[in-house]
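So the sequences go chain by chain: B and D. Heads up: the first sequence begins at 152 in my numbering, then just goes up one per residue. Heads up: the second sequence begins at 7 in my numbering, then just goes up one per residue.
Just so you know, the hints here were simulated from the structure itself, not pulled from any lab data. Some hints could be false.
[As the list claims (entries may be wrong)] Capping the alpha-carbon separation at 30 Å, the derived lysine-lysine pairs in DSS-like fashion look like this:
| hint | chain 1 | residue 1 | chain 2 | residue 2 |
| --- | --- | --- | --- | --- |
| 1 | B | Lys302 | D | Lys43 |
| 2 | B | Lys732 | B | Lys746 |
| 3 | B | Lys468 | B | Lys661 |
| 4 | B | Lys746 | B | Lys787 |
| 5 | B | Lys625 | B | Lys732 |
| 6 | B | Lys455 | B | Lys499 |
| 7 | B | Lys796 | B | Lys353 |
| 8 | D | Lys86 | B | Lys320 |
| 9 | B | Lys486 | B | Lys455 |
| 10 | B | Lys661 | B | Lys783 |
| 11 | B | Lys185 | D | Lys157 |
| 12 | B | Lys629 | B | Lys283 |
| 13 | B | Lys302 | D | Lys30 |
| 14 | B | Lys185 | D | Lys252 |
| 15 | D | Lys86 | B | Lys302 |
| 16 | B | Lys353 | B | Lys755 |
| 17 | B | Lys174 | B | Lys324 |
| 18 | D | Lys157 | B | Lys455 |
| 19 | B | Lys796 | B | Lys783 |
| 20 | B | Lys499 | D | Lys210 |
| 21 | D | Lys30 | D | Lys131 |
| 22 | D | Lys86 | B | Lys185 |
| 23 | B | Lys185 | D | Lys180 |
| 24 | B | Lys629 | B | Lys796 |
| 25 | B | Lys174 | B | Lys468 |
| 26 | B | Lys787 | D | Lys169 |
| 27 | D | Lys131 | B | Lys453 |
| 28 | B | Lys185 | B | Lys174 |
| 29 | B | Lys456 | D | Lys94 |
| 30 | D | Lys43 | B | Lys732 |
| 31 | D | Lys86 | D | Lys131 |
| 32 | D | Lys210 | B | Lys783 |
| 33 | B | Lys468 | B | Lys457 |
| 34 | D | Lys86 | D | Lys169 |
[As the list claims (entries may be wrong)] Covered stretches of chain D (in silico footprint by chain B; criterion: 3 or more residues with CB under 8 Å from a CB of chain B, positions within the stretch not fixed):
| hint | region |
| --- | --- |
| 35 | 161 to 167 |
| 36 | 179 to 189 |
| 37 | 258 to 264 |
Yeah, the Cβ is synthetic: ideal placement off N, Cα and C, and Gly gets one too.
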Amino acid sequence: MALIECPAGQPASVPALLHRNAKMFADAPAYREKEYGIWQSWTWAQTRDEVEALALGFMELGLNEGDFVSIIGRNRPYLYWAMMAAEMCGAVPVPLYQDANAEEMAYVMSHCGARFAVVGDQEQVDKITDVKDQLPEFERMIYLDPRGLRKYDHEHLDQYQAVQEMGRKTRDKHIKELEARQAKLNYDSTGVMLYTSGTTGKPKGVVLSNRNVIETAKSSSEFDNLRQTDEILAYLPMAWVGDFIFSVGQALWTGFCTNCPESADTMHVDLREIGPTYYFAPPRVFETQLTNVMIRMEDASKFKKKLFDYYMAVARKVGPDILDGKDVGFMDRVKYRLGELFIYGPLKNTLGFSRVRVGYTAGEAIGPEIFDFYRSLGINLKQLYGQTEATVFITAQPDGQVRSDTVGVTCPGVELKIADNGEVFYRSPGVFVEYYKNAESTADTKDAEGWVATGDAGFIEPDTGHLRIIDRAKDVGKMANGSLFAPKYVENKLKFFPNVLEAVVFGNGKAECTAFINIDLTAVGNWAERNNIGYASYQELARHPQVMQQIQEHVEAVNESVAEDEMLSGCQVHRFVVLHKELDADDGELTRTRKVRRRIIEEKYADIIAALYDGSEQVSTETEVTYEDGRKGSIKATLEVRSAKIFADNRKMAAE
Amino acid sequence: MKDNAESYVTADGRTIGPVVMEMKNITLRFGGVEAIKDISFDIREGEIRAIIGPNGAGKSSMLNVISGFYVPQEGEVWYKGSRRPPVKPFEVAQQGIARTFQNIALFEGMSVLDNVMTGRLTHMKTGMLSQMLWRGAAEREEVANREVAEKIIDFLEIQAIRKTPVARLPYGLKKRVELARALAAEPSILLLDEPMAGMNVEEKEDMSRFILDVNDEFGTTIALIEHDMGVVMDLSDRVVVMDYGKKIGDGTPHDVRNNQAVIDAYLGVAHDEEDAT
């Protein structure tokens with residue numbers, strides 16, 4: 152693979168970019184955070200000083216080149232700075248999921264042998280302290296929020312600002328060494344290490360070089376024409392590659408401003424106050440917002456409701472075309488303009504999307520209705536396809552070619568090929584260096600020529616060049632009669648119903664498909680409230696006959712639409728249960744990024760799956776659950792197994 | 007008994023200061039009913055002092071005596087080294103004593119932030135005219151007070167409801183807002199009247215955490231009433247136990263738990279028998 156050399160004069164590392172920005176955009180805002188009800192901001196020059204002070208403090212504490220520094224906490228400028236400061240010292244930042252439990256943290260931290268950790272608050276300090284015995288290399292912890300920590304033993308504990316102060320005081324002693332270490336950083340030195348969420352097995356540490364980070368940031372910023380004056384809201388987990396690329400990579404490359412919310416609960420208010428111009432969210436966030444809008448419209452006055460319905464119909468008809476710059480009739484344009492004045496404008500303002508120029512959704516398939524709703528309002532929402540190993544970007548939708556069923560065309564510098572079994576392979580400057588301490592997995596995933604297996608099955612549309620993803624290649628199988636089995640395809644269709652939070656479809660090698668369904672407590676709970684249906688618990692609501700009936704209707708609607716697809720008509724759901732508990736990452740059933748872990752679910756609920764196939768009408772089960780604080784308990788329940796109507800393949804019938 | 011004027015360190019390493027408030031032989035009557043009968047105890051600086059007892063034991067009356075709302079017929083209240091004469095409620099607030107109420111007493115129509123700001127009232131000095139003109143001193147004062155209020159909002163993690171009218175909040179959050187308002191006064195003694203009444207286990211755990219954090223971070227002396235024994239035993243440094251207006255126990259949670267009179271009061275021994283012993 153031809154390596155792209157760093158062009159002469161271009162910064163070759165994350166710290167070098169920071170120094171460049173401190174000169175080029177000295178007084179422009181770089182980071183903002185809402186604290187004590189006010190947006191506090193730091194310019195690029197100030198950011199550089201803060202990062203440098205912290206790096207000097209790290210040196211005084213004895214951080215060496217090649218050390219690993221764990222970063223754990225919610226999105227805060229200070230933690231982004233900690234990542235940059237670690238790299239300044241020649242160390243490798245390793246952000247972790249803040250909601251990970253102590254054992255998950257122990258695994259990752261001992262795997263990389265982290266010596267330092269920079270954490271947000273007492274909760275994280277406690278978790279690390281709990282597992283410290285399993286971390287022989289671990290030495291020091293630096294915390295941000297001193298609350299509740301004043302009386303802790305401070306022998307291995309420092310406060311963040313105190314470390315910076317220490318750095319400022321010992322500047323003369325370390326600055327030469329710090330500069331020397333930064334000078335050594337090049338395109339091939341490690342920029343960051345991110346652990347994959349691990350849909351199967353233990354998380355793997357993906358090593359990304361400065362080349363990966365900078366080349367990706369550069370080409371994706373150019374692809375979407377990002378500007379120095381753009382604003383983003385950083386609220387997705389810092390351990391996720393997307394957040395690293397948006398809030399560090401692209402932010403540094405383009406020089407735009409990263410805004411951090413006050414707390415997780417205030418995200419929506421903060422979103423509205425900032426009005427980001429570049430926005431990223433997983434489908435779940437868009438779904439929740441749409442559900443909230445619809446719930447509130449149910450309670451609005453009749454006149455308002457009518458106005459809303461009328462103009463939303465107009466928007467659905469012509470909104471997407473106007474956004475794509477296609478021809479739209481004069482009267483429709485006038486109506487759309489009026490709609491903008493009365494409905495879309497105020498609605499976008501409430502949602503915090505007034506200024507969004509580029510919006511992305513990824514990670515999961517998004518429901519076409521949800522996708523079209525936002526696009527019809529004039530929000531330029533697009534899809535992209537990527538993974539940690541590719542430093543996010545593999546394909547993305549260019550402006551004007553946006554559809555809900557594809558994930559777009561290849562990003563600049565990316566090559567794609569489809570293997571015989573349908574698996575998608577790619578090669579790009581963003582391709583990761585290796586899995587840390589796991590040469591075997593590295594070799595399995597990346598071949599000698601630099602092609603990386605995505606693990607997803609898909610195909611490229613011949614006429615448009617857009618990539619379509621069907622499912623995880625591993626999960627695609629054959630039914631007993633030889634027809635194609637693609638669970639994700641059916642699950643996504645089920646999940647597009649607001650009442651369905653999660654679905655898991657089984658049927659590989661079997662004669663028929665069956666499914667587990669999780670209801671969405673917000674949506675179903677709201678429906679129950681409006682219809683005066685009382686319930687005391689999730690479990691009780693989940694097995695309410697009327698809820699079961701609704702889910703049955705949804706399953707049958709999905710069967711009807713699946714029947715229309717020639718390839719996948721065998722995947723109709725014959726029997727299903729509504730689960731008595733929500734699938735949860737704490738129980739290992741989902742990954743931290745909320746992807747279903749099929750193998751674990753199949754083992755854990757083997758009794759229910761057996762009941763789905765043996766024709767019984769109900770099944771009694773007992774399930775172990777883990778509470779947030781790590782305690783365990785169990786839930787007993789008797790679940791009703793329902794059968795759904797199956798549709799014949801209409802087109803085939805017509806052809807015969 | 008420890009010396010009143012001296013600090014000591016508890017078994018778990020907390021430093022408890024000298025006595026700040028002392029009740030001497032308090033008796034409180036409502037007509038013929040004796041709500042409190044000859045009770046004496048003290049509150050030390052920096053400690054969490056609980057008053058517990060079954061329903062109708064006189065706990066709330068005791069708290070009202072401490073807060074100066076009731077004036078006892080007999081006995082003396084000593085505060086910061088001198089005897090406190092009968093006082094008006096606002097004078098008590100000025101002396102640095104703040105409280106929350108058993109049946110939430112917030113301004114329902116006002117936002118959380120405005121409610122917390124009312125707690126700053128005793129710290130506002132500018133006159134009405136200056137406030138109306140809203141220039142110079144009044145504005146500076148508002149900014150300074152807002153900063154204190156915001157720090158408390160941050161501390162109690164109620165940022166998300168800052169602008170929400172109190173009437174729209176669930177019960178557990180209202181309790182937290184009340185605590186925020188009391189804290190905004192920057193009191194030296196904080197009185198909490200059943201801070202955890204009507205809460206579920208999770209809300210109780212949160213509230214306990216906040217009470218401990220307040221005590222830890224601000225060094226605020228806290229006197230609280232509670233009838234959930236479990237919570238009290240975990241939280242407090244010393245406990246006064248009341249039953250039928252009398253003090254039947256006083257000491258560390260450990261002492262109190264092993265006190266026969268307390269066990270009887272909570273397990274409900276027939277009272278003729280108790281009088282006979």
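Of the hints stated earlier, which fail here? 1, 3, 7, 8, 10, 12, 13, 14, 18, 19, 20, 21, 22, 25, 26, 27, 29, 30, 34, 36 and 37
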